[in-house]
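Chemist: Okay, here's what each chain looks like letter by letter:
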Amino acid sequence: MTLLMIHRLPLFALLMGLSTTAISAAEPGGAKVVDFNREVQPILAEHCYACHGPDEKSRKADLRLDTKDGLATVVTAGKPPESELIERVAGHDPDTVMPPKKFNKPLKPEQVAKLTQWVEQGAKWNEHWAFVAPKKTAVPTVQGATGAIDRFLLARLEREGLKANPEAPKATWLRRVTFDLTGLPPTPAEIDAYLKDTGVNAAEKVVDRLLASPRYGEHMARYWLDNARYGDTHGLHLDNFREMWTYREWIIGSFNRNQPFNRFLVEQVAGDLLPNPTVEQLVATGFLRCGITTSEGGSIEEECYVRNVVDIVDTFGSVMLGLTAGCARCHDHKYDPISQKDYYSLFAYFNSIEGSALDGNAARHAPIVSVPTAGQSQKLKELQAKFAGLNKRIAEAVAKASYTEDASAAEAVNPKLREVVWIDDALPPKSQFAAEGGTNVAWEFVEKSVREPASGTKSVKLTATGLRQVVVSEVSPGLRVGEGDKLFASVWIDPKNPPKEIMLQWHTTGWLHRAFWGENRIDWGMDRTTERRQQGQLPEGGKWVRLEVPAARVGIKPGTVITGLAFTQFDGTAFWDKAGLLTSTPQGDRHFDSLNEWAAVSVADTAVPKAIRDLLKFDAAKRTAAQSKELRDYFIEYGYTKTRETLDPLHKERAELTVQLTKAQGEIPVSYVFKERPTPRPAFLLKRGEYDQRGDQVGRATPKALPAVPKGTLVNRLGLANWLVDAKHPLTARVAVNRFWQQLFGTGLVKTADDFGTQGELPSHPELLDWLAVDFVESGWDVKKFMKSLVLSAAYRQSAKVTADKLAKDPQNRLLARGPRYRLDAEMIRDQALFVSGLLVEKVGGPSVKPPQPAGLWEAVGYTGSNTARFTPDKDAEKTHRRSLYTFWKRTAPPPQMTALDAPSREACTVRRERTNTPLQALLLMNETQFVEAARGAARRALQDGGDDPAGYLFKLIVCRPATDAERTLLKSAFEGFRADFTKDPSAAKKLAAEGKGDPVTLAAWTMVANTILNLDEVLTK
Amino acid sequence: MHPIPDFLAGQTRRAFLGKSALGLGTAALSTLLPARAAGAIPGLPHFAPKAKRAIFLHMNGGPSQIDLFDYKPKLEDLFDKDLPESVRNGQRLTTMTSGQKRFPLAPSKFKFERRGKSGMWMSELLPWTAKMADELTVVRTVNSEAINHDPAVTYLCTGNQIPGKPSLGSWLSYGLGTMNKNLPDFVVMTPSWSSKTDAQAIYNRLWSSGFLPGKHQGVALRSQGDPVLFLSNPDGVEPATRRKMLDSLGKLNQQHFDEIADLETQTRITQYEMAFRMQTSVPELMDLSKEDKRTLAMYGPEATKPGTFAASCLLARRLIERDVRFVQLFHRGWDQHGNIAVDLPAQCRDVDQAGYALVTDLKQRGLLKDTLVVWTGEFGRTVYCQGGLTKANYGRDHHPRCWTMWMAGAGLKPGFVYGETDDFSYNITRDPVHLHELNATVLHSLGIDNNRFTATAQGLDQRLTGVEEHHPVKALFA
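Protein chains in written order, with our numbering: chain A, 1 to 1022; chain B, 1023 to 1500.
For reference, chain B alone in the conformation it holds in the complex (with noise of 0.2 Å):
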C-alpha cells in the first residue's frame, strides 16, 4: 500500500474518532479540544487575546447621537437658529440637504441624565442600555469619509466603501480558524424592526469572504423556513433514512478515494458527516425550551418571538456560548431623515432592553470577560434638521464626522467615555477615532495587530484596515 492512503486511512479514522467524541456532549468536548483553534494561519493569534469571540450588533441606517448619547445642553437655547458656517466649514453634505437653504439647529427633544458610576450622558430613550452604563466603553468620536448608506456600511463591515472586499467576521474566521466542530464560525442574524419608513439596505456582501474562500462567509442563521439554508431533509426522509444515506454515501466515496486517492475526496466525506451533525447542533441552538425563565423575562417579551431583535440576542448568547466566533446582528430602520418623535423611539425599544439583557446574560455566565460586545451605526445624523422643524419633532441627515458607539467585555475599561465633540456634535475636538481605528481595535481585542493581518490578492497584501497603516485604540483597555 501507498504511504499517503496509509496517511490518510488513519486521518479518517482520527476524523471518526473525533466523531464519537462529539456525543459527549460540549462539556466534554471543550476539554477535547486543543488549545488553538483548527485551521488557524500559523502565526495567529499575534499575542495573548483579550476576546476570543464577539458579537457585532450594527445599527442599519446610523442612529442620532444627538438624541442618545452625544448630550448637547447649549443647543437648547438656539433652536432653529443656523448652525454658524464656522462649523460646518464648508465640508460636504448629501445631496438630500445640499440644496437645502438654511441648516436650522434641532435640539434633542429627549432628556439626557447621567448614567451610572461614571455619570455618563444617555438619552431617556436608553433606560435598560442606562443600567448598564458601568458595563459600557462609549467612544463619542466614531469617524469615516462615507456619506451615503450604501457605501457607509460597506466601508464599516468591510474596510472599504467599494464591493468586494472580505467582511471582517470572514477575517476573524480566515485568521483564527475554528473553536467549533458543530457550528460555522461567523453568524448573520437580520432581526425584524419597528420604525415605519421605509428601511435602508443591507446586502449580502456585509458577510461575504471577498476574495477569501467562501468558507469563511458569514452564514444567515434565519427565523423563517430552515435556520441554516437547506438545512432539513426533505419531506419524507427521516434522520434514520438520512444517516444511512449518508453511510452509503461514505462508503461508495471511500472506494472511489481507494482507486483515485484524491485527498479532496477525504475532505468531502467528513463535510458531509458535519452537516449531518448541523442538522442535530443547529435545531438544538435555535430550541429556546431549556432557557430559564428569569433569563428569558430578561430579554423581555419578544424573546421568544423569532426573528426580533430580542429573540436574535438571546440567540448569539447561545451561539457564543457555543464558541461560535462572530455574530453580527443587522437591525435595520435607523435613518431618521424625518419622523424622529415617532421613529427612534421605536428603534430604541427594539434593542434597548435586549441589548442590556445580552452583556448582562454574558457576564452572569462568566463569558462577558472574553467575549466583545460592539454596538454602533455606520454614521451619525446631522445636529441641524432636514425637512421641517418643529420643538416637537425634526429629521436629521447623515453626519459621518462623529458618531457614538458601544462596546462591553473583553478587557475594556468599563464605564468609560472615551472622546470629545464640539458643541454641535458636529466636529471632533478630542480623541478622534476613525473607521479603520474601530476595525483595529476589535482585532486588537482578539489578538490581532491589524496591520500583520494581510492576505494576497489582486496583487495587494491586502488589509480589513486598509493601505495604510492604523492602530488600534489602546486607551480603552483596561
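So that you can see chain A by itself, here it is in the shape it has in the complex (with noise of 0.2 Å):
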C-alpha cells in the first residue's frame, strides 16, 4: 500500500500543477470540475471500450465501462484510493496495469490524473451527450456581442483569454461569403457596389442577393454530392456508364427552392413512400442508389445484394445520423451501444429493394423512374397522340375489308421439304461479310480450273495457320427453322494438307451453334453443348463431302432465324460449297389469299404474335367468335394479299413513328430509385457480416440507444424517416448544423462531422451546437435562414490574420479568435479560374459534361470492354468551361483536376474532405491546360479593360480587392521580366498567347502575370 501511494504521488502532483490553458486548445472545457461527457468518458472510450463496452463478445471479465451499473462496481465515488479504477490504471505493476501493455494504447499521466480527479469529485455519470436530445440553454450575455452565435464564441473566448479579431475589411468578407454562398468569387462591379454601399444592411443585402442566386444550390449541391457518393459510373469492374445526373439536380433544385432540411432527408430515405410521391419525390431516393455496384462475371447475387444495402445502412449512419454504424456489421460496436443487432435492424428498413443487385452493366439498373422535361413530355404526348390516330385508321381499314374464306382453300397444306441455299457461288445479296482480322479471312471464290466445285459454277477455297474463318452474317432474309429441319454444307479436305479441326458455326441471336470434325482443338463455345457439338472425324480428303447437321442437335428451335454462318478450320486448307437448309418452312412471302394456307404457315412462325400463334393452334372449330374474329382481324392486317396495298403505307408509317417515339422515350433521362418489394425480404442477422452465415431472423427497428419509434408508427422507411426528422432527436440536427457549420468555417464544432459517438470529438462548443441545432428545428428547418445567421455573425467577418498568441492558445482555430482561412475545394478553385477569365458558361443541371484531361487516363485502368474504358473530351465550350460539379465522374479513375486537390472518389459516402497542401496541386494549378486558358482569358481581359492599369486590374478581378502600391509594383516588374523573356522567343510567345489577337508578346507575358496571380496563396485560399 506504501508502496502504491508513492507511484501515485508525483501523478497527484502532476494534477495539481495542470493549467487549465496548456489543455484549452486541444481539450474544449477547461472548467475545474470534471466533465464526464467531455473529458473522461473520451479516455474510456478510447482505452478501454475495446474489452470492457458495448460489445458482449469481446468483453473481458464480465466488467463494462460504458454503463453507469458498470462503473460503479470499481469506483467508490470521492475516494480514487479506494476505486479500483484508478488503482489499475495508475498501478506500475505491469501484470495487472490497465490498459494492459500489448493493448498498445497506455493512458498518459494527464488521463489517470483525470481520471482521479473525477472520482475525488464523486464520479458524476452521465448519458453519452450525443444520444440526449438538444436544449437551449441561456445565451450568455457578453459586452459587445448581439446574436447567440457570437456571444456563445465570445463568452468562451473571454474565458480562454483570447479575444475575437476585429472585423476583416469589407472586400475580404464579400469574396468570403460569395464563395461561401455561391462557391464563386464576386465580380470587380460587385465588390465596388458593395464598398460604397455604407447602409446598415449592405451586408445583408448582399447575403440576400447570393442566397436568391441559382449558384447558391449548385454550390450546396456539391456538398451533398459528396455525402451521398454520387457518380456518373457504376464503380466497380466494368465501372460502366450510370444515369442518374436528375438526382444532381433534384438537389440543386431543392436548395435552390429552402424546400425545408426535414423534407430534404425524408424525400431521400422514403419519397417512393409518400403518399401519392411525385415523380421528384422519387428521384429523391437516389440517395438510397447512388451506392456503387458490380456485374463482374461470377459474382453471386445474394453477395452483392448484401454489400449494395450494407452501402446503404452505413451512408444513412454516416450522413444522417453521424454514427459510424458500419462497425457493428461484424460484431457487437467496439465503443458506441449500436449492438450488431441494431445494425441488421436498421438494415431491414433497407433490404426489401425491387431489381437484381448486380447492375448488368447497363446505363439504367432499374428501379428507375423516368425524368422528362416539360418539352419532353409534350413531344411524347404528340407522337403517342399520332400513333394512336393510326393506329385507329388501320383497324377502320382491317374493319372495312371484306374477306370469306375460299372452302377449296380449307385444307392447310403442307409445304415439301426442299433445300433453301444461302451459299452457291457467292454470298446472299443482301448480307455482311466480316472484315480482315484477327481469325477472321477474305472470302475467296475460287473457279473450276483451281477445283470442280460440288455444285454451280465455283467453290470457296479457306487455307488456315492455327484458327481461321470466313465468316457472313447479317443475312436477309434468314433462314427460318421448323421442326425436323437440316443445316447442310458441302467441304472437299485437301489432302496434302489436311485441317486438324474443321467447324461449322451458325448465328441466330449470337453465334452460339457450332458443329465440328476431327480433332477439338478450337477453344470456343462450352464443350459438349451445343455451343461445341463433334460430328465424327475429319470427312475423308480428295472428295466432297456433304455436311448434314440436325438444327435441333446445335440448339436451333423452330421457329428460330439464322442470320449468318461461318466456315471455320484450324490449319490446312479445305474447300467449301453450297451451304444452307434443308426445310419444309417457308421461307420468305408470308401473304396468303386464304387464311387457312396462312395459318398452316404461321403457326410455327416466331415473327407472328404468340396469341395468335396459341389461337391458331386451337381446334377452328372450338374457337369462340370473339377468337375468330382476332383472328380475321390479324390475317387482314398482316397476312391477307388483298389488303397490301392499303395496310403495308400505313404499316411503313406506323413503324417510322415507332423509330421517333423509341427515341422521344430513349432521351428522355431517367434516374435510380428505390422501390420496395410487395412483401419485405426478411433480413437477418449476418454472423461476421458474411452474407452466407446468417443468424437470427430480425425485424425493422431503430438502434436501441437511441429514442424508440413512436408507437402506431408505419414500419417502413417512411417510419424510419419520420423517426429520423422528429424535433426530439438528439442527433439529426446537430449532425447536420454541424456540418453547415464545418462549411464555412472550416471544421464543425464537432470535428469529426461523421461520428458523433463516443469515438468522435466532443463538440468544442456543446451549448452552442444544442442551440443551433434547436433553433434550426424552430425555424422549420430552414437552410437559407441559418446560412445567413452564420455568414452575418461577427466570428465569421473578422479578419483571419493569426498572432503568435492564438497560435499557441489555439491551432486550429477552433475558438475563432481569427476568422475562418483555408484552401477552397477543388472546385471552387477551378470554377474560379474559368469564372475570372471570363469562360465560364452557366447553366443549370444537365447531364454530366467532359472537359479535357490528360490522354490515357481511364485507358489506363479500364477494363477493356467497359463503355468508360476510352475518355473522350467534349468539344464545346458549352460542355467544357461548365461548373465542376457538372464534371463526369468515373469512380474507378475520377478527374485528375479535382482528385488532386482532395475531391474524393465518390466510391463511398464523404461527409468531411481532407485539406492537402502537395507539389502535384502547385504543378496541376501551374500547368493544367483549362488554367492555362483561364489566365489567357483573365490577360485578354485586363487588356481589353484594364485601361493603363492592367497588372491593378487584373489582381482586383481575381484577388477581389484593390492592389496595394508594393504589389501593383511586383507585378508591373514582374510583366516586364516575362516580357523580356518573350521578345527575346517571340514563338514562345506565340505558343502560349494561342490563337489571342494582337501582339503576342504582351498577351503571353500578361498570360504570365495572371498564371501568377492565380497561384497566389490568397486566391486558392479563402
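Note that these hints are calculated values from the structure, not bench results.
Be careful, since some hints might not be right.
To be verified - Distance ranges between label pairs, derived from CB positions:
#, chain 1, residue 1, chain 2, residue 2, range
1, A, N867, B, V1489, 34 to 40 Å
2, B, D1248, A, T141, 38 to 44 Å
3, A, P495, B, G1141, 46 to 52 Å
4, B, G1141, A, Q534, 58 to 64 Å
5, B, E1135, A, S476, 54 to 60 Å
6, A, E474, B, E1260, 53 to 59 Å
7, B, S1311, A, S987, 25 to 31 Å
8, B, K1133, A, M526, 24 to 30 Å
9, B, K1133, A, G437, 30 to 36 Å
10, B, Q1276, A, Q121, 25 to 31 Å
11, A, K663, B, D1248, 37 to 43 Å
12, B, A1262, A, L195, 25 to 31 Å
To be verified - Listed below are the simulated DSBU-like cross-link pairs for lysine-lysine, each with C-alpha atoms no more than 30 Å apart in a straight line:
#, chain 1, residue 1, chain 2, residue 2
13, A, K170, B, K1273
14, A, K105, B, K1072
15, B, K1123, A, K486
16, A, K956, B, K1273
17, A, K400, A, K486
None of these values were measured; they are calculated from a predicted model.
Glycine residues also receive a C-beta, built at the ideal position from the N, C-alpha and C atoms.
Put the two chains together into one complex; each comes in its own frame, and the hints tell you how they fit.
Modeler: Okay, structure coming up:
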C-alpha cells in the first residue's frame, strides 16, 4: 500500500500543476469540475471500451465501463484510492496495469490524473451527450456581442483569455461570403457596389442576393454529392456509365427553393413511400441508390445484394445520424452502444429493394423512373397521339376489308421439303461479310480450274494457319428453321494439307451453334453442348463430302431465324461449297389469299405474336366468335394479299413513328429510385457480416440507444424517416447544423462530422451546437436562414489574421478568435479560374460533361470492354467550361483536376474532405490546360478593360480587392521580366498566346502575370 | 515582431538552405539527410527495418500457380477425370463455373523442372525467373476469401474488399514519411500487357489514400504525355520564365504571409518549390540515356520501349535508387479463363526477363539487401478446367484458396519455398499464409508491427490488416 502511494504521488502532483489554459486548445472545456462526457468518457472509450464496452463478445472480466452500473463496480465516489479503476490504471505493476501493455494504448499521466480527479469529485455519470436531445441553454451575455452565435463564442474566448479579431476589410468578407454561398468569387462591379454601400443593411443585402442566386443551390449541392457518394459510373469492375444526373438536379433545386431540410431528408430516405409521390420525390430516393455496384462475371447475387444494402445503411448512418454504424456489421460496436442486432434491424428497413443487385453493366439499372422535361413530355404526348390516331386508321381499314374463306383452300397445305441455299458461287445478296483481321480472313471463291465445285461454278477456298474462318452475317432474309430441318454444307479436304479440325458455326441471337469434325482444337463455346458439338472424324480427303447437321443438335429450335454462317478451320486447306438449310418451312413471303394457308405457315412463325399462334393451334371449330374475329383481323392486317395496298403504307408509317417514339423515349433522362418489394424481404443477423452466415431473423427497428419509434408509426422507411426528423431526435439536427458550420468555418463544432459517437471528438462549443440545432428545428429547418445567420456573425466577419498568441493557444482555430481561412475546394478553384477569365458557361443542371484531361487516364485502368474505357473530351465550350459539379465522375478514375485537390473518388460517402498542400497541386494549377486557358482569358480581359493599369485590373479581378502599391509594383516588374523573355523568344510567345489577337508578346507576358495571380495563396484560399 | 513569424522566417531560411543543398547531387544529399525520414509518425518504424523500400509487382487477373510454380505431377494421369467431391468439399465457386456440370481436371501442359540449388519447381514458362531461383522466397499457400477480381484486388491492395480504405503504399507513406525531397513517396506504374482476351480492370483506388490525407496517394508515373500529371510547363513557357513566375509568386505570398501569418502560406511556398524541382528530377528519372548497355540488355529489348513491363522495372530500380519508398506495378491480362496455351506464355514473356533483371540489378547495386521485391496476383486459378478441355489447351477459373507468390531481398531466406498444397493445388495442407499475413509480412519487413499500426477513421482504429489480429510470417526471414 505504501509503495502504491509513493507511485501515485507524482501523479497527484502533476494534477495540481496542470493549468487549464495548457489544455484548453486541445481539450475544450477547461472548467475546474471534470465533465464526465467531455473529459472522462473519451478516455474510457478510447482506452477501455474495446474490452470493457458494449461489445459482448470481446468483453473481458465481465466488466463494462460504458454503463453507470458497470462503472459503479470499480469506482467509489470521492475515494480514488479505494477505486479499482484508479488503482489499475495508475498501477505500475506491469501484470495488472490497465490497459494491458500489449493493448498498446497506455494512458498518459494527465489522463490518469483526470480520472482520479473525476472520482474525487464524486464520479458523476451522464449519458453520452449526443444521444440526449439538445436543449437551448441561456445565451451568455457578453459585451459588444448581439447574436447568439457570437455571444456563445465570445463567452468562451473570454474564458480562454483570447480576443476576437477586428472585422476583416469589407472586400475580404465579400469574397469570403460570395464563395461560401455560391462557390464563386464576386465580380469587380459587385465589389465596387458593396464598398460604396454604407447602409446598415449592406451586408444583409449582399447575403440575400447571394441566397437568391441559382449558384447557391449548385454550390450547396456539391457538398451533398460527397455525402451521397454521387458518381456517373457504377464504380466497380467494368465501371460503366450510370444515368442518374437528374438526382443531382433535384438536390440543386431543393436547395434553391429552400426546401425545409427535414423534408429534404425524408424525401431522400422514403420519397417513394409518401402518398402519391411526385416524380421529384421518387428521384430524391436516388440518395439510396448512389452506391457502387458491380456486374462482374462470377459474382454471387446474394453477396452483392448484401453489400449494396450495407452501403446504404452505412451512408444513412454517417450522413443522417453522424454515426459510424459500419463497425457493427461484423460485431457489436466496440465503442458505441450499437449492437450487431441494431445494425441488422436498421438493415431490415433498406433490404426490400426491387430489382437485381447486379447492375448488368447497364446505364439504366432498374428500378428507375423517367424524368422528362416539359418539352419532352409534350413531344412524347404528341407522338403518342399520332400513334393512337394511326392505329385507329389501321383498325378502320381492317374492319372495312371484306374476306371470305375459299372453301377449296380449307385444307392446310404441308409444303414440301426443299433445299434453301445460301452460299453457292457467291454470298447471299443482302449480307455482311466480316472484315479481315484476327481470325477472320477474306472469302475466296475459286473457279472450276482450281477445283471442280460440288455445285454451280465456284467453291470457297480456305487455307488456315492455326484458327481461321470466313464469316457471313446479317443475312436477309434469314433462314427460317422448322421442325426436323437440317443444316448442310459441302466440303473438300485437301489430302496433302488436311485441317486438324473443321467447324460450321451458325448465328441466331449470337454465335452459339457449332458443329465440328476432327480434333477438338478450337476453344470456342462450352464443350459438349450445343455450343460445340462433335460430329465425327475429319471427312475423307480428296472428294466432296456433304455435311449435314440437324438444326436441333446445335440448339436451333423451330421458329428460329438463322442470320449468319461461318466456315472455320484449324490449320490446313479445304474447299467449301453449297451451304444452306433443308427445310419444309416457308421462307419468304408470308402473304396468302387464304386464311387457312396463312394459318398453316404462321402457326410456327415466331414473327407472329404468341397469342395468335396459340389461337392457331386451337381447333378452328372450338374457337369462340371473338377468337375467330381476332384471327381474321390479324390475318387481314398482316397476312392477306389483297389488303397490302391499303395496309402496307400504314404499317410503314407506323414503323417510322415507332422509331421516333423510341427515340423520344430514349432521350428522356431517367433516375435511379428506391422501390419497395410488395412483401418485405426477411433480414437476418449476419455473423461476421458474411452474407452466407445467417443468424437469427431480425425485424425493422431503430438502434436501442436512440429514442424509440413512436407507437403506431409505420414499420417502413417512411416511419424511419419521420423518426429521423422528429424534433426531439438527438442527432439529426445537430449533425446537419454541424456540417453547415464545417462548410463555412472549415471544421465543425464537432470536428468528426461523421462520428458523433463516443469515439468522435466532443463539440468545441456544446451549448452553441445545441442552441443552433434546436433553433434550426424551430425555424422549420430553414437552411437559407441558418446560413444567413452564420455569415452575418461577427465570428465569420472577423479578420483571419494569426498572431503568435492565438496560434499558441488555438492552433486549429477551433475557438474562432480569428476568421476562417483555408484552401478552397477543388471545384471552387477551377470554377474561380473559369469565372474570372470570363470563360465559365453558367447553366443549371443537365447531364454530366467531360472537360479535357490528359490522355490515357481511363485507358490505363479500364476494363477493355467497358464503355468508359476510353475518354473522349467534349469539344464544345458549352460543355467544357461548365461548373465543376457537372464534370463526369468516373469513380475508378476520377477527374485528376479534382482528386489532386482532395476531392473524393465518390466510391463511398464522404462527410469531410481532407485538405492537403502538395507539389502535384502546384503543377496542376500552374500547367493544366484549362488553368492556362483561364490565365490567357484573364490577361485578355485585362488588356481590353484594364486601361492603363492592367496589373491592378487583373489583381482586383482575381484577388477581389484592390492591389497595394507594393503588389502593383511587383506585378509590373514581373510583367517586364516576362515581356523580356518573350521578346527574346517570340515563337514561345506565340505558343502561349495561342490564337489570341493582338501582340503575342504582350498577351503572353500578361498571361504569365495572370498565371502568377491565379496561383497566389490568397487566391487558392478562402 | 512576433515570435511566430520570426520562427517561421527562420524555417523559411532553412528551407532555402535545403534547396541549395539539393544542387550538390544525390550523393551529397544522402549525407545531409537525417537518419529518420521526414514526416514519419512518432514511434515508427517500430523496430529496425529489414527493408527501407519495397517494389510490388502485381500480376492483375490471377496467374495460374499450377502452370507456373505449384507442380502437381499426379495430375498427369487424371486428365479429364472429375475433381473428387471430397476436394472441393462444397466450397463456393464463382457463378462462371458453378453451373458447370462437371469439373474436369486439367494438368498443366507445361514442363516443370527443379531450379537452383534449392531445387524449387518452376515451369518452362519462366526461364529467367528460374535463373534467380536461389534469390527467391516462394510462398505457395497465399490465400484469400474473395472470388472475383474487383473485390480480390481491392482486398490485396487495401486490406478490405470494399472500396474506401488506404492502399499499402499510402500506409507506408503515412507511417514512414519520406526519404526523398524531389519525388513522391509512392509511385505507381501500369505497364502494357500481351494476352489477347479482354483484360481485367484496375482502379485508382488501388493506390488511393482512402481516409488518409491525399498527399499519401500513389502518384502514377505515365508512359504517355507527362510522366507525372501536369509536370510540363505550358507550350511557350521555358524553365527560366517559370522560375521568374515562381519568384514573383513567392514574394507576393511572402507579403501576404507577413500580413496574415497563416502557416499554410509557408507550406504552399515550399510545395511550389518542390514542384519546380520535380520538373527537373522527374525528366532526369525518366532519362535512360545514361544507363549502361549491359544493364539495358539485361532487361531485354523492351527496356527502352516506354510503357512496357521491362521499361517499368528499369524505372522501378531508378526510383528505388532515389529512395522512393514504395513502387507498385500493375501488369494486367492474367485472367486465363480460356486459351492458357497462348495467353499465359505471352504474359510470362512480358514479365519473366524483366523481373529477373530487376532483382539482379538491385543486387548488383547493393540495393537488394534493404529492398523488398514482391511478385503476386490477387488469387490463383482452379485445377479444373473452365470451358473446353484438351491436352493442348484449357482454361481455369478463379481460385482464392491458394496461390503462389515470390519475394526477394530484405533479409528474406533466399532459395526457400514455404507452404504446401494438396495434389490438386486446391487446398492448403501446410503453412497457410492469408493475404492479411502477407501484408503483415511486408509491413514487418519495413519495420512496422501491423497490429500497432493504426489510423483513426470512422470511429475505429483502422489497420491495413483489418480488425482482427494478424501476424507476419517470420519463418520467411533469415
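Chemist: Hints first: check each against the structure and report whether it holds.
Modeler: Comparing the hints with the structure gives:
The given range of 34 to 40 Å is respected by A:N867 and B:V1489, whose C-beta atoms sit roughly 37 Å from each other. In this structure the supplied range 38 to 44 Å is violated for B:D1248 paired with A:T141, their Cβ-Cβ distance being about 60 Å. Between A:P495 and B:G1141 the beta carbons are some 49 Å apart, a value that agrees with the proposed interval 46 to 52 Å. The given range of 58 to 64 Å is broken by B:G1141 and A:Q534, whose C-beta atoms sit roughly 42 Å from each other.
Taking 54 to 60 Å as the suggested C-beta distance range, the pair B:E1135 and A:S476 conforms, at roughly 57 Å. For A:E474 and B:E1260, the Cβ-Cβ distance of about 57 Å falls inside the hinted range of 53 to 59 Å, so the restraint holds. Hint check: B:S1311 to A:S987, Cβ distance near 26 Å, so the stated range 25 to 31 Å holds. Take B:K1133 and A:M526: their Cβ atoms lie about 29 Å apart, and the range 24 to 30 Å holds.
A hinted range of 30 to 36 Å holds for the C-beta pair B:K1133 and A:G437, which are about 33 Å apart. Distance hint check: the CB atoms of B:Q1276 and A:Q121 are about 50 Å apart, inconsistent with the given range 25 to 31 Å. Distance hint for A:K663 and B:D1248: a CB-CB separation of about 42 Å, consistent with the stated range 37 to 43 Å. One distance hint, 25 to 31 Å for the beta-carbon pair B:A1262 and A:L195, is violated here, with the actual separation near 39 Å.
Proximity of A:K170 to B:K1273 is assessed by CA-CA distance (about 25 Å); at most 30 Å being required, the pair is judged to hold. Restraint check for A:K105 and B:K1072: satisfied, since their Cα atoms lie roughly 26 Å apart, inside the 30 Å limit. For the given pair, B:K1123 sits about 28 Å from A:K486 by alpha-carbon distance, which is consistent with the 30 Å threshold. As the CA atoms of A:K956 and B:K1273 are separated by approximately 18 Å, the hinted pair is consistent with the 30 Å bound.
Proposed proximity of A:K400 and A:K486 is contradicted: the alpha carbons are some 43 Å apart, above 30 Å.
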